[in-house]
Every structure is written in structure tokens, then in C-alpha cells.
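Protein sequences, first through last, are from chains F and A.
Residue 1658 in the numbering used here sits at position 798 of the first sequence; the count goes up by one each step and never skips.
Residue 303 in the numbering used here sits at position 299 of the second sequence; the count goes up by one each step and never skips.
Just so you know, these hints were derived from the structure itself, not from any lab.
Hints may contain errors.
As the list claims (entries may be wrong) - Output of the computed footprint for chain A on chain F, the stretches with three or more beta carbons under 8 Å from beta carbons of chain A:
no., stretch
1, 922 to 933
2, 1121 to 1135
3, 1488 to 1501
To be verified - Straight line, CA to CA, 20 Å or less: simulated EDC-like cross-link-like pairs of lysine to aspartate or glutamate:
no., chain 1, residue 1, chain 2, residue 2
4, F, Lys1119, A, Glu440
5, A, Lys388, F, Glu1597
6, A, Lys244, A, Glu105
7, A, Lys140, F, Glu1853
8, A, Lys447, F, Glu900
9, A, Lys140, F, Asp1754
10, F, Lys1453, F, Glu1597
11, A, Lys413, A, Glu440
12, F, Lys1751, A, Asp113
13, F, Lys1848, A, Asp376
14, F, Lys1743, A, Asp154
15, F, Lys1794, A, Asp113
16, F, Lys1587, F, Glu1597
17, F, Lys995, F, Glu1037
18, F, Lys1794, A, Glu105
19, F, Lys1848, F, Asp1754
20, F, Lys1119, A, Asp138
21, F, Lys1743, A, Glu177
22, F, Lys1751, A, Glu440
23, F, Lys1794, A, Asp138
24, A, Lys110, A, Asp62
Said to hold, decoys possible - Label pairs and their in silico Cβ distance ranges:
no., chain 1, residue 1, chain 2, residue 2, range
25, F, Asn1420, A, Ser257, 27 to 33 Å
26, A, Pro469, F, Leu1726, 36 to 42 Å
27, A, Pro95, F, Asp1754, 29 to 35 Å
Glycine included, every Cβ here is placed at the ideal spot set by N, Cα and C.
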Amino acid sequence: MWGEQTDVCESADWYNSKFIVSMGANLGMTRTPDIHFFSEARHNGSKTVVMSPDFSMVAKHADQWIPAHAGSDGAFWMAVTHVILKEWHVDKQTPYFMDYVKRYTDSPFLVRLDKKGDHFAPGRLMRAKEVNEYKNVTNGDWKFLMADAATGALITPKGTMGYRWDEQQGNWNLKFENGTDNRAYDPELTFLNKHDEVLQVEFLDYGHQHLAKRGVPVRYITTVDGERVPVATIYDITMGQYGVGRGLAGEYPADYNDKNASYTPAWQEIFTGIGRNTAIKFAREWAGTAEATKGRCMVIVGAAINHWFHGNLMYRSAIMAQMLTGCNGRNGGGMNHYVGQEKLAPVDSWGTIMSGKDHGTVPRLQQAPIWHYINSSQWRYDNNQADYNSVPNDANPLARKHSADWVLMSVRNGWMPFFPQYNKSNLDIARDARKEGAQTEADIRDYVVRKLKSKELDYSVADPDDPINFPRNWFIWRGNALMSSAKGHEYMLNHYLGTHHNDIANEVAGEYVTDIKYREKSPSGKMDLVVDINFRMDTSALYSDIVLPTASWYEKADLNSTDMHSFIHPLSEAVPPVWEAKTDWQIFQSIAKKVSEMAKTHFPAPVTDIVNVALSHDSADEITQPRLLDWTKGECEPIPGKTMHKIVVIDRDYTQIHNKFITLGEGVAKQGLGAHGVKYECADVYQEMLEKKNHVQVVDGKEYPSLREDVEACDAVLKLSTLTNGKLNMRGYQMLEKKTGLALTDLAEGLQAVRIDYKDLQTRPHRYNTSAVWSGLMNDGRAYAAYTFQVDRLVPWRTLTGRQHIYMDHDGYIMFGEHLPTYKPSPLPQVYGDIRKTVNDGKARMLNCLTPHGKWHIHSTYGDTLRMLTLSRGMEPCWMSEKDAADLGIKDNDWVEVYNDHGVYCTRACVSSRIPRGVCIVYHSPERTYTVPKSQVRGGRRAGGHNSFTRVHLKPSLMVGGYGQFSFHFNYWGPVGANRDTHVLVRKMEKVEF
Amino acid sequence: MNIRSQISMVFHLDKCIGCHTCSIACKNVWTDRKGAEYMWWNNVETKPGTGYPTKWEDQEIYKGGWDKNGDTVSLRGAGKLRGLKNIFHNPNMPVLEDYYEPWTYKYSDLFTAPEGNDQPTARPVSLVTGEHIDVKAGPNWDDDLGGSPDYARKDVNFKALTPSEQESLFQLEQMTMFYLPRICNHCLNPACVASCPSGAIYKRGEDGIVLINQERCRAWRMCVTACPYKKSYYNWNTGKSEKCILCYPRLESGQAPACMHSCVGRIRYLGVMLYDADRIEQVASAPERDLVDAQLGIYVDPFDENVIKAAKANGIADSTIRAAQLSPVWKFVKQWGIALPLHPEFRTIPNLFYVPPMLPAMASVDADGVYDSHTESLWAGIEKSRLPMQYLASLFTAGDTERMKLVLKKLLAVKISRRNTTVGDLSAKEVADALEGGRTNAKEADAIFRLTSLATFEERFVIPPAHREESIEMLEDTGDVKGNTGFGFKLKPARGL
């Protein structure tokens, strides 16, 4: 909706909110250092609401607890938005809300309605190039249309993505100005009072599986082809979707008590178990507070929402209530989704150093859930996503493809990366291309395209079970990839490691896949070598061939940042690394050194490599694929960087890896740095670094700033980031001024003298700068809140329309029926595939097993220390309700087996009244390293952990690319490994053996 | 009037997260030793629950604290006569099972297990016996309502509730929990001190901290029984009893105790209270319904000229008197009356006070199981409290529900008044009614809010500076000798009680 990853407010801004909803987040448990802001706000007259199926730690800080059924939060929000639209947009038009949606959301943009038999369906955004007025504009596929309320004339407003990538700069802003002639206009939000016709438009309610037809006011536009097409504003379509009638004909609900019509308060009752009056009053309190405070209502979300299969829809449904009440980009407002704390604040400098781009290299960055879904063969166990993903009946056949086929399509089309890359060594491909006469990089690219087209060369992902395509070596660093984050843990044991595992599932994908190659025999033990860089003995270390002991937090110089606050944290070496441990930086450096030494034998001369790079967000790649077309089907020509991924040809000199590691490359001086579409020069700062003669390295007689020592690397990050260098910060705003045509440099003026280095950070906390690479303004002590830059300064969001998106008109979203915010029920266990083979002999019960983040853990780290285990139950128990436990004859602290087709976890029951029936919780994450007995249901073999009963499911709509904000960016865009919808059987353990 | 100085504390339960950082800080500093493994001088309990050691509040079992005995009090379990009788066998003591058997894991098995079909796993072993152990209890076993059938449902304070009232506390519409952090209360009438046959336990004159002299302790363990809060622990390795020392070495150097310094939820406040020691017996033996008022009455106004004069006469330093005037405890306990002692009916006159938790409003569930938690106004009145007043009163007011209500009404009034100031979307009547109901006003509400939400470290912990001259005086006669390093204590330290 925003073209951003996880841009949220720092926790200090919670205090500024006057209505805080914590949904699927357990602040007391997982935001321990921050929750005081939540309770302090409460004593300052802020209302606090907690939505959580269990009475969680944060629930005690709530004024109101709303235990909607697990996974049904989206339905509640749909009804809340229904009430907001009805009472605050229709019954009265709240000025603040109307102004906000006009300027900051896509509501006034025009959408074409497509004829479907006797009625219509919402289609794609109208493009500027489709109408005579603007048929010759540049990037006409990426500029969109609105109507001017005063004249009714069509406007192509500034700020849309086409303007972002125009050669002519200065029109990418949110001023109410027509992009072609700077004419002022007033966006027309609705055609209710001035329409050509009211058409019946279809809206699908997935809750009731009912297709309703409702009247939507339209105007007709004549296109360049002479076609007369009906168009409606997104605002009017939204009213139709939410069932807010406004006197229009069609299947609009009678009133709030109409439980058959989406999305009334009575309708949500069916899915959430929460009374209609709760939803109505909640909506009134929310909107009333938003009106009185100009948007100081916020939602705090955690991983408990993100990991549902339909988590994206739950997010959107809550964000809708916020957008319609002007709560985004306001201090004390917003959708603050803390899922991981991966805000690498100095991303502008760190990103380049991390990936070696200063030396001109091209990294291979992978989207993890896709990688594991394919490589650990979990796709082979998945049936067709369409069977559980509520897809419209008349959808495009593509929507009925298996997720693995979608992965393949996403890789071929340049939406998502995938490595290994081809079924042939990249170096051999380049060599053979040269042999066949390729001389330039373009020749090599052409060669690759030709070979792909003729199928002489194929993608690894097209046939992942061919040994040539196996990943062979796996370095695990800064993670517990074989347990904490190993959704489908047992499949990894099986297919990666070839060791004992407890999965018994059938491989069913053969029946469903059409494009990816399904081999009858699945491979086992793909990995030749697993190396774990770790400071503790966790499950990944237990299973690794080699463990490289690394320094822990207080044994090294390193930097740490989070989205919870606006400080960069220096770790600092209080004591030297114990025993043989080295810092991460030195471990990688010594590996680089050894590789460089060996390269003198194996790769004495530079070799040519080929890297596939996905079409990336924040570059002109994001305006390459206006339609979903597949070149392998002949729907278009394969053109790298346009209809398919980019193909980058690069020479690699492996003898120089170590030299490059310990030096900061000249690329920094030559190309500058930046992030999120902001770029700045830094040749002078590079020169300053060279002048610090005790911090340079000499390679082949040439001087480079040194990165050899950990502190030098930290200082390079700080010296070159806009966040910690005021001079560079100013340049970021200057660049953005040109791009947007807005005055912005005043934001950086008072900060120009700021220079923060590692020693400064150690001395005392320093708040970093307000920076053009981030969306929150922090000047003069203001708390960081996402998109305050957009709202206060009219800088566009990095989306198609430059506004926040209600409507998503990508072909993929339309075919999956997710172009509008909607509610899709959780997949039914019968079709999700967790319990096909596992038989319930009557002694077990099926429960929805949730694995939220636990107390005193960062995943499993620290939760497994003796202190924390002593303060808990010495292990990670399975929490279950008093009733479910009693029915199964389970008493508190009894041993239980938690199992399904994927595997088994043996643990003890923690019976508690705060857990609802039908649900059990195993907090994320146990370890195999302590107290895991042998499973009786799996033949007396050692049981696993909480990921033993999960398996990755990928939602195809999250894989699309090359289209505005739906474009790949490392750690930004891609499917999550949904695991919340998992069902297990739980039974009492009859015999406990170790 | 016999004015003394007491370091006192307030824990704001509404703000407590239940993170146990306090417990860890304390454990790492003081009880990370052999024989002390099971000790948690600071622990945090989930309420409803039975706590640590289990059911510690039940004096039917443990016989801790004092009984009212006419105009005076006597130790319930370990008085002079009874103590002597039971000196070689004290029947009213928690045993290891009531605490828990500390354990660790045989981690070496992960490296040295013989090759086998399965991955090795480290099993728990007892830190007492070294043998494999079936872990059945811990210092926080019923955390977050864990094991509610066996623990939360057996909360001792449920005696004040009918069975159906108890049952409803475990239903969706009324279920709730909160955290109760506990340390030694450094009581004005400490049962531990009174019970010690060796006279090893004493209350420091300068700040009222209760300490066990490790040289004099003879392991009778009468203090373990006598302390109704079970905050005196026996170290099986050293053969001495130990307890919270309120980090006096830190206090003496101007630092907050480790548990308070580390408090993530910022719930802890510490400051001086001046009290009239002549009234201790009278307060301790007050009728149950008057206990809270009687206790509050013992703390005297640090701004009162007579009090100041009497304090000085007793050798209390000006800096300590000033600290008493700035004390956040004075504000919470006396000025605003929103912090209450835990189990005043134990009659030890504890110096740790608690601001009670507000918790979410009660909901309802209809015949179809539909849950409704909407309220007519933005906040429900306290009649919609999830926790019955009798329950809270059993904890904090010796059963006085009216006082409990008043405190909660005042906390609600603060929210409403601040809402009025910061948003202004409530009716004037609603605001006025709330302030009146809480017997407060907007100005006081602001002050309560500020100390609750915005207090800095220095405002939360007002520590009277240690007077170095007092410790020098103990070593040497400063009038006679200059620069003498001395050979030990020449004067006895001034001790209270």
C-alpha cells in the first residue's frame, strides 16, 4: 500500500497516540523495553485496546480486550470501516477525513469498469495514455487519471510513478497540480451527485461465498481507440465494496444488523465471535478520536498477524480504517507493524558496504521463503494453493496454478530472484558464449536469452530436484535457520541434510504442477556442507558440519539499529571474544583471505559471471511490466530488464576478494551512495577518509580507506550515511528537491554540522538525523512516525499513484480477487494439508497451533539460558485451554505430543484459562538442545521443535513484480512463509523416553 | 514523637509488564551462589496465582506475621515461647518443594553423547543432587496464568469470593491477570527481627533497612517462618539465612537498588518516609478495618515544623529531611492515597506500597457465545472491573472494598482528566463526575499523571545521601584525632528496634 518495507513509528510515538490498538502483538512479551510508552499513554488519557485471542501480557494494559477468533481480525476491521464510511463519510462528511483521503490516498483515481455479462467488475486504473488529452505523455502507462471537481475535466495529477521516472524532474509531488500544465485542480472524490449512470458492479464476499451486485456511479470516457468506457472513482468503488449504499440500487445491506451482507457489524460477528455493538462503538471511538486529534489513532501489529496466509488482507483491512480517518503520516497514528526489527537505519551506506557494491560487484540477494519452499522440497508436499486461497470461481486460470509454478513464473519474469540460477555453471555459460563469438556484455546477454528461449539453458528453479540444481554449501549466520526460522524443519532435515526426520506427508504436487518439473523420486541430503557461524550451541549448530564460534554482543565492535527507536547502538568489546571465537567481521575476512589464496591456483585470472537480477523497486524497473505477460508462453518477447529479469555480466577476480573486503572501493566516490531512490555524492568524504593515513590500506600501490578492523568498518558506515553525516544528509534532500520540485532542504539545515562516529556512539546515545532516505520527520525532538514526510511535505509515497493505495490493479491482484480490501477466511485444515495421513485414534484433538514470539526470547536466543528457563518451565511448553486439556485427560505439566504430517514436537502441557478453546500455543522457539524426548507417535525417535509441525505456504499474489510498489527489493517484497494457519493433533504422551 | 527515617517504595502495578528484569538483576548481583540457587530476593508473581513459595500468603499453612493480641501483637508462629519449644523442629516452614528444586541441564551430552540413531539432547539435572530431575516447579511456575487449574484457581485471596465469583474469573468475559513484584518490605514491625533467637536480625537506624548479621545467624530459621511474605531464605550451603538488603551498598553511594534501577516498566519509586516510632505497637495492633489508616497515620509530614524539629533531635540529617519532602512515596501514599500496603493484616507494617492495576473492563457473552466488550463511555466505571473488589481488597486493604474503589476511581479520574486536557472530546459533566468520584481535581490529576508517566530517574528515586561522617564516627573519635585510620569500630552504630 505504501511501497515501503517496515516503516513504522519509533515506540516513543506510541505515547503521542490517543487511541492505540495492539493487534496480534504482545508488547509486554516482545516489546518489553518499549511497552512503558503504551501504559504511560494510558494514564495520559489514551484509550488502549488489545485484539488477541488469548489474554496476553499486553491485554492487562488494555482498557478493552477484544478476543476475536484467531485469524479473524480482518473481518472485524472490515466492519469497523463499514461504520466509519457510513457515519463519518456519508451521514456526515468529516472535513478532516475528506481532505485527507483526497490528497493522500488513491481514492479519487479513476478505474475502468469491465463488462461481465449483465453487470460490471472493477478493472484497471485508467492510464493517461488511454485518453486523447494525454495520449502523448511520457510514461503514459504509469500516469493515472482523476476528474477535477470544478470542471469535470480529466487530470493526470503529479506524483504518480510515471512522473517519478520522467526525464523531466520536478513533477513528482502531491500538489494538486496537473502534471502536464501545472493547472491547479480539486480532486473529485465521488460521482454520486454528478454521474452519467449507475452501473451494477460485482463485489465478492468470501466469507459467505456470495457475489453481490451493487450500484456504483460512473461517468463515461472516450478512449483513444474510440471506446466509450465507464469509469468510477476508487472512492465510489470502495463504498460499493464495503456495502455502504448511499441510496444506490443493488444488494446493499439494510442496516448494521444485516448479517448476510458484507461488511456489516452483524456480518463480522459470524467470523470473529465479537458482538456487533463492540465493532460499532469501536469504530465511533476510533473515528471520533481521529477527528478530534487529526489522526492520532494507531494500530500496533506483530508477527501474529503477518504470518497468516491472508495476513496481507488483515493488514489492509486495518490500514483502510486508518486511511479513511487520516491516521497515517501523523504522530501518534499509523499502522506500526513490528515484524522483525530489520530497520537498518544507516541503510544508505551500509547497503553498499554489505553487498560489496563499492567495488562494483553484483550480489545475489535471495528472498528466503521462496528459496526454502523450493529447495527443501516443501513444494512437493503442497497441493494447489487455489484449493485453500479463496480464489474467485471465474478467475483467470493462472490463479489456479500451484505456488511452485508461480515461483517459476516470478523468477522468469524478473519478479523474484532465485539461486542457484541455471542448470549450468554461470562461468561456463559465459565461457561458451564467448566461444560462440559473443564479445560484448550485450552479446553475452543475447546469448543467454537465446539459450533460454530455445530451452538449451533452463532455470534451476524449473527442475529443482535435478542434482545439477541443488544448492550444495550453506553458511548459516546470524540466524537459527534449521530451527527458529525453519518453517518445515523436518523437510529440511530430510531434503537438505538427509538425516532422520519425522515427516510422513505424501508428496502430492505432481498432480497439480504444470510448469515446474516434478520428478517421481524426491532428493534427500542436497547439502554437501553446512557451516554455522554462531555464539551458542543451538539446533543449527547441532546439525552443522562446522561451527565457527563468533563473538557475542559485548565482545565486538559492531552497529545495531531497530525501528523501535532512532539511535544507532554500538555493541562494544567489553571483553575480548572468548576462547577461539572471532568477530563476524574477522571470520568472514579470514574466509575471504583463504579463498583469495586458493583462487591463485583455481582462478588465477578474472572470469566472467552472469547474474540474474530481479526488477527492482525504487528504480525505473518498477515501470516495466504494465501487464502480466509471460514470455515463455509467447505472450511477449523476452527482453532482459523489461519482460524478464535483468542479466548482468560481470568479471570476477577471486584473487582480489580479500583485498576488496579490507578496503572501501572507489565506487563510493564515483557513483555516490543512497537508498530508496535517494542518491548523493560523497567523493569528498571518501577523500577525507583517505587522508586519515593510519586508517588506509595499500593494495597494488594504491590507497583505500581501510575496512580491516571492525571499528573501521563501523566508522565507514557512520561517516558515509546521511543519518550520521550532516553534510551528506543535506545532499540527499537537495537531490529530492530536484526530483519533487518541492522545498525540502530546510529539514537538513540545522543538522549540517553533525558528524557521529563510533566513539561518539560509545560515549553517549546520539539520535540520528532526519534523513531523506526515511519517511519520518524527527527535527527538534519530534518522534519518528512513518510518512510524516509525505503528509507534511507532499513527497509522494513510492507507489504507482504516489498515494497510499486502497486499490491494487495489478492483473494478479484482480485475478485473485484482492484488488480491493477484503476478508478471506483462513484456509480450512481439510485442504491445507497438515493432517492428511496422521490418524486421530480418538485420543487426540485437532487444534490450531500458533507459534508467536515468546517471553524472554529473540526467537530461541536467550530464552534457552538457564536463568530464563528457570523462570519459565524449563522448556517451551504447549499452552492449551482448560477445557481442551480436560477433555483429553491432560493435566498441567503432563507430557504431550503435538503432531501432524510434517512432524512432531514432544513437550509438556501448560494448561491455562487464558488460552481459548480450539487453539494451542507453542511459543517461538524451542531448541532440540534441551529436554526433547522421543516421540511415541513417530516410532520412538527424537522429536523436534515448533517448526516440526509447520510447512511453508506461499501466497502467489505476493510474488508479482515489475509493477510499481510490487517490485522486488531485498527484504521488502515477497511472500511470507505463512505458518499461522497450521493445525496439529495434541495428545497425552503415554511414555516418556530420552 | 520519636521521628525516624525509613527508605520506602512504591510499585505501580498498572505499569508492571511482568518482564522479571528486576528478578534477574537481583539474582545476578546477590544470589548467584551455591546454596542460594533457589532464592529470589526479588520475584514477580502472576495474580491470580499462588506465588513463590507456593501459597505463601496462606498463614494457616506458614504461620507468618503477627496476631492481634489485645492492645499489642504477638508472633503467630514463632513467638518467644513457641519459638523455644520448636527450636529444634520448626513445623511451619516452607520446604524445597514449596519453593522448587533448582536445576540445570547436562549440556556436555550435546558434545559427548555416544553415536546413536537420534540427536542428543541435554536433560535437566538437579542442582542439589546432580541427578536427573523431573521438573515440576519453578520460581515463576504459574507465570501468565500457566497451570491455572492448579495455581490461579487456588489463589489464597479467593477466600473472599464465592465459588461462582471465582469461576467467573476464568471465563472470557471476566478473565484477567496482573503482575505482583515482591521484595522484602523492610517493615516497621518486622516479624523476622522479633523471631530471631540469636538477635542476628536488625533494622538499620539511618534508613530502616532490615539486615541479617551473617556472623550472628545460627540457622534457627525462625525468620523464615515469621516473615509472612516469605522473604527470608535459608542458605543450605553457608548455614545462614539471607534476605534482600535493598542493595544498601548501592544506596549508600547514591544509586537505586539493582531491581529498581533495571525496572523496564519504570514502575518503581523509592524515597524516604519519616515516621513516628512511638506509634508502632499501636498501629500494628489496630483493628483490621483500621489497619491501612493506622499505618498511613504513622508517616508524618516532612514539611511540618514540629516534625522537622523532632527529626533533627533524633539526629536525622537535613539532607534526609529534604529527601523526605521530595519523596515520590510520600506523594503516592500520603498526598494522593493511591498506593497501598500488601496484606496489611499481617501487621508487620510493610514499607512497600502498590498502586493497584486497572485492567480491561468486563465484557459479556450472550447465549450464542458472542462476546461484547463495548462500553457506553470511553472508559467503563470501576463497577465493570474484571477483578472483584473483594479480591483486590484482600490483597491491599485487609478487606476494605470501599477504600479499594476510591483508589481505582481516582486512577480513572486521572485518565479522564488527561483525556479532557489532551483531546477534549468528553462532556464537562463526565469529567466533573469522574473527578468528584475520585475525590480529586484536575491539578492533582496532572500531578499524578506526571509522576506516573513522565517521571525521570531522579524523580523516581530520591535517595538521601549517605553521611560519610557517621561511618567515620563509628571508627574514631573525630574530636581527638585527625588522620587516624583506626583499628575498628569504637562506637556502636545507632540501631533501631
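So, going through the hints one by one against the coordinates:
1. 922 to 933: holds (count 6)
2. 1121 to 1135: Since 4 is at least three, the answer is holds.
3. 1488 to 1501: violated (count 0)
4. Lys1119/F to Glu440/A: 43 Å, violated
5. Lys388/A to Glu1597/F: 55 Å, violated
6. Lys244/A to Glu105/A: Cα-Cα ~19 Å, so holds.
7. Lys140/A to Glu1853/F: Holds, at roughly 17 Å.
8. Lys447/A to Glu900/F: 18 Å, holds
9. Lys140/A to Asp1754/F: Distance of about 10 Å is within 20 Å: holds.
10. Lys1453/F to Glu1597/F: 44 Å, violated
11. Lys413/A to Glu440/A: 9 Å, holds
12. Lys1751/F to Asp113/A: 30 Å, violated
13. Lys1848/F to Asp376/A: 34 Å, violated
14. Lys1743/F to Asp154/A: OK: Lys1743/F and Asp154/A at ~14 Å, within 20 Å.
15. Lys1794/F to Asp113/A: Between Lys1794/F and Asp113/A the Cα gap is close to 16 Å, so the pair holds against 20 Å.
16. Lys1587/F to Glu1597/F: Distance ~16 Å between Lys1587/F and Glu1597/F Cα, so the pair holds.
17. Lys995/F to Glu1037/F: Distance of about 18 Å is within 20 Å: holds.
18. Lys1794/F to Glu105/A: Status violated; Cα separation ~25 Å.
19. Lys1848/F to Asp1754/F: 7 Å, holds
20. Lys1119/F to Asp138/A: 52 Å, violated
21. Lys1743/F to Glu177/A: 16 Å, holds
22. Lys1751/F to Glu440/A: This hinted pair is violated, its Cα atoms lying about 49 Å apart.
23. Lys1794/F to Asp138/A: Between Lys1794/F and Asp138/A the Cα gap is close to 16 Å, so the pair holds against 20 Å.
24. Lys110/A to Asp62/A: Distance of about 36 Å is beyond 20 Å: violated.
25. Asn1420/F to Ser257/A: 27 to 33 Å: This hint holds: roughly 31 Å between Cβ atoms.
26. Pro469/A to Leu1726/F: 36 to 42 Å: 38 Å, holds
27. Pro95/A to Asp1754/F: 29 to 35 Å: For Asp1754/F against Pro95/A, whose Cβ atoms are near 32 Å apart, the range 29 to 35 Å holds.
The structure fails hints 3, 4, 5, 10, 12, 13, 18, 20, 22, 24 (numbered hints given earlier, in ascending order).
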